[in-house]
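Start from chain P and add chains X and C according to the hints.
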Amino acid sequence: MGGKEDAEEFMTDIAQHRMGMRRRRPKLREGVTAGLVIRYLVLIGTVLLTIFPLAWLVLTSLRNSADIFAVPVRILPASITFGQYIAVFSQYGLDGYLWNTIIVSFATVVLVILLAVPCAYSMARFRLPGAKVIVSILLIMRMIPVVALAIPLFAVFAAIGLLDTLTALVLAHTASKLPVAIWLLMGFIQDLPKEIEESAQMDGASTLRIIVQIVSPLIAPGIGATAVITFLFTWNDLLLALTLSSSEAAQTLPVGLTNFVSQFGIDWGAMSAAGVLMVIPTLIFVWFAQGLLVKGLVSGAVRG
Amino acid sequence: MAFDRLSRRGFLGGSAAVLGAGTFAPRLARAETTEIRALLITGGPLYPKYWEKVVADFTAKTGIKVKYDLLEFTPLTTKVVTLGAARSNLYDVFSTHTAQIDSFFNYFAPLNEYFSEDELKDFYQVGVDYLVNPKTKGLAAIPRNMDARTQYYRSDVYAEHGLKAAVTWEDLVDVSQKLTGNGYYGLVVPGQGDPAQRTFSDLLWQAGGDWVDDAGKPSFNAAPGIEALTYYRDLIQKWKVVPPDAVSYQWNENSTQFSSGAVMDTFDWPGAFSTLSNPETSKVVGKWSTAPYVRNRTAISCAISHAMALNSMSKKKDAAVEFIKYTVSPEAQLLNFNDYSNFPSRLSVAKQVVSEASGAKAEWLAQLEQTIATGKEWPKLPGFSRVCTLMFSTIERALSNQQSPEDALNQASAEALQIMTQAGAYN
Amino acid sequence: MTAAAQPAGRRWRGSPLAPSWQKGYLFASPALIVMIAILIYPLIYSFVMSFYRWDLSSPSQYFVGLSNYRDTFNSLGFKQTLRVQLIFSAVTIVVEVAAGMGVAVLVNGRLRGLKLARTLLLVPPMIAPAVVGLNFRWLFNGQYGLVNGILRFLGLPEAPWLSDPDWALASVMIADIWQNTPLLVLLFLAGLQSLPQEPIEAAQVDGASSWGIFWHITLPLMRPILMIALMLRIIDTFRTFDVVWLMTQGGPGGATSLITVNAYQSAFQSASFGHASAVSYVALAMSLLFLALLYGAPWAARKMRRNS
Chain P
1 MGGKEDAEEF MTDIAQHRMG MRRRRPKLRE GVTAGLVIRY LVLIGTVLLT IFPLAWLVLT
61 SLRNSADIFA VPVRILPASI TFGQYIAVFS QYGLDGYLWN TIIVSFATVV LVILLAVPCA
121 YSMARFRLPG AKVIVSILLI MRMIPVVALA IPLFAVFAAI GLLDTLTALV LAHTASKLPV
181 AIWLLMGFIQ DLPKEIEESA QMDGASTLRI IVQIVSPLIA PGIGATAVIT FLFTWNDLLL
241 ALTLSSSEAA QTLPVGLTNF VSQFGIDWGA MSAAGVLMVI PTLIFVWFAQ GLLVKGLVSG
301 AVRG
Chain X
1 MAFDRLSRRG FLGGSAAVLG AGTFAPRLAR AETTEIRALL ITGGPLYPKY WEKVVADFTA
61 KTGIKVKYDL LEFTPLTTKV VTLGAARSNL YDVFSTHTAQ IDSFFNYFAP LNEYFSEDEL
121 KDFYQVGVDY LVNPKTKGLA AIPRNMDART QYYRSDVYAE HGLKAAVTWE DLVDVSQKLT
181 GNGYYGLVVP GQGDPAQRTF SDLLWQAGGD WVDDAGKPSF NAAPGIEALT YYRDLIQKWK
241 VVPPDAVSYQ WNENSTQFSS GAVMDTFDWP GAFSTLSNPE TSKVVGKWST APYVRNRTAI
301 SCAISHAMAL NSMSKKKDAA VEFIKYTVSP EAQLLNFNDY SNFPSRLSVA KQVVSEASGA
361 KAEWLAQLEQ TIATGKEWPK LPGFSRVCTL MFSTIERALS NQQSPEDALN QASAEALQIM
421 TQAGAYN
Chain C
1 MTAAAQPAGR RWRGSPLAPS WQKGYLFASP ALIVMIAILI YPLIYSFVMS FYRWDLSSPS
61 QYFVGLSNYR DTFNSLGFKQ TLRVQLIFSA VTIVVEVAAG MGVAVLVNGR LRGLKLARTL
121 LLVPPMIAPA VVGLNFRWLF NGQYGLVNGI LRFLGLPEAP WLSDPDWALA SVMIADIWQN
181 TPLLVLLFLA GLQSLPQEPI EAAQVDGASS WGIFWHITLP LMRPILMIAL MLRIIDTFRT
241 FDVVWLMTQG GPGGATSLIT VNAYQSAFQS ASFGHASAVS YVALAMSLLF LALLYGAPWA
301 ARKMRRNS
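Protein chains in written order, with the working numbering: chain P, 1 to 304; chain X, 1 to 427; chain C, 1 to 308.
Just chain P, with the same shape it has in the complex:
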């Protein structure tokens, strides 16, 4: 691959042409260069750009309607009120959606981990015929737009009479999150040295035991990252929930969000409050699991 050769080429170039002829960058103060200032500006700028839309969402959720539609736009609320959050539960019945979303997300995570760990282990360690085909199919699954899945899935669940149930949502989400979970976990398992498993095998441990008692603890960060990613993608899904549910029995938060577009006015205040509520688990997970998340996403991505 070209990287290293090109780099070496370049180094010989500069060694030949530019020995010591670069002018030194001016220093503003001891240790502080213009470069450093620029880098801090970029850092701060990036952080501000990242959080400002969300900050605005939070600010909007803390105002009353009069303040929201004020012209000219007021940055800080005239008075902070939690009325929107109350309205979201009392008027729009968000607690139902919240509960459904929690159940579906947790159930999916549990199912996905239970199914994916053994599958990832056997695909990583056993010489399964057709394994490469399976992996390719897994990757292609990830590429298909959800809408191609939503309609036939609806028809299949309708035929079995499972429409508008949380069961249907859990099954649909489990199936659609499994490919990525298996792929991620395979990567983590392949990183483990085989000696520990081999010695356990020689001691007579069954495969199941190896998976549960030996491998799982070793890839705990991987399982953690997979669990968090699965949870978040299930929590955030709109299309599957929209298609497979039609009533409060099974509708989730993102579907609830669309319900704020009422026939006589988009209730931006309540919608912002609902949006903030939806985002809170995300923020919690990011805060506590950031190490896991970065490791999981990045190493999963790098395994290409």
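In short, the hints are calculated from the structure, not lab data. The C-beta atom is built at its ideal place from N, Cα and C for all residues, glycine as well. Just to be clear, a hint being listed does not mean it is correct.
Here are some of the chain P residues that sit facing chain C, going by a computed Cβ distance under 7 Å [unchecked claim]:
{"id": "1", "residue": "A66"}
{"id": "2", "residue": "F69"}
{"id": "3", "residue": "L128"}
Then chains X and C, alone, in the frame of chain P:
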């Protein structure tokens, strides 16, 4: 080839067996015959109370329980579309609307056997006619309340400026221009999706044109159509008498712009009468009046209806029909009018509310009746529902200046002809 | 990160004491069954259905061959969709990768607050696209939105963010860039931190400019990660739906109508599922095509270089 006629039920049914449908426990025990499920429309935070009362009264009267779910207009249509595609019997009763009824001719059961000729006579003819399948003459749904538009304008502001409510298209531009400025606009119109098609449709008829000619071929790109779409576009782009992002407005923005006091004039549905009179939902209580829809060569605009339909796959048709009949009964329609100002679909009820009304309300009712008397709707020919979707983007493109009205309509007309031919409209 | 250097194929050796593959499939089967039943079967069904007329107006489905695909490519709406999708994908991918790399390079190192920044950067990619769509729709609201409010405050002309076709496309691109760039920043940061430091230090000692170091050393070393980033973004750009749907519903006049939006409208507004399925599979084909270009281009370039 064996694929030529694939029965989806067979395909799926067989697959369900393979999937071991037995492993999924039956969702509910075989329900008693006295409970039905309904998917009903709602609008705004106040409407759910209506259904609470109607369902409670119905259950008290008949002992039949109704488990219902509420959805706003657009998500409701989407949901019924998916349910229809899967031929699901999850719901027995649906709220529906004249606008999309032709999508569901194969999914809703004909109601002809449940409503006698005499019973139907009590309903507005125009409401019933457009819910009939032109090929089979089956009545796909029964009207629950009539939808027609009137003008709602700020009489206080008009009086200040010595203006009268607009009567013709030219008046409308004139009056609106005088009232546009300082962050306020003289008028608001929607510009997206079904609301845009609805507005274009009204303007098309007012210009003297129509959607299809006598042979059923698309004629909306003839001169009146171009005139109508050009006028519509100019309101937004040339005279700028409506808020600039009107192109993205649907019904909700159309109504809130007026109820918040940002615009001085709008065309809205009967329900707006009570919304605008309620301090919870309106900032302009007591400051507005109604007037007829504007006119050009004709004064024709739409007369359509929200309706109730029966699922052809339902296993409890009798109970379902009883519920449907109750929702369109005089009592239910009276309640709908008194509390939510939705105009009844029964002539008898209409007569009653008109006789009981006085003052501004009586005026408004007279205007509505006049509109309904001459009102129309777009055709329910095979394939036309797909033409509607095509029209959404066609009209939006013209309104946002991506295409001239003439080009947009001509292109749409050609594609519409192809769609309807493919759907068998001309056999 | 050394694992990155090993191609995936080399890992399939089992341990010498590995039980039979039958046992392997036993452990894999629950997951495989669930995926086959709920994922693969409906996808195949939907693929087959893309060759049938399946809409509400016909009481049963019948085979129509390539008719749905032909209708799709002939329809004006789809031509516009293709154009919009290509512009959207090209601009967002280029901006996201370039900005991601730029920020990562500038921010790499011992800056104070970097750890906090990295946590904050995780937030946008994890937020529900639905919330992002609504959030930006509110920000870009013509009358009450913050963006126009700020422009007004600064005395600058307001922009028709969501009502003008070109501005609307820009707005959804901005929302997509906001949501996806942070992840690329993190990815590239991780990559930068695992680069061998000797070449860079040596170049610095020899007096190379920072731009020179970046262009000739860092970037080539980062090529594998760049490829991965591009691959991820290409796959995801053809699946974008929630954000655009909630911001503009594909409007005004189809100006922001991406392929998934087009498919959704076909299915749930036109009630024409055969067409919707056809459009979805066209999207898949386009992803595959771009990926082929992505991986094929360097290979072809290298071949050309060797032949010349």
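Problem set entry | Violated hints, by number in ascending order, as checked against the structure | 1
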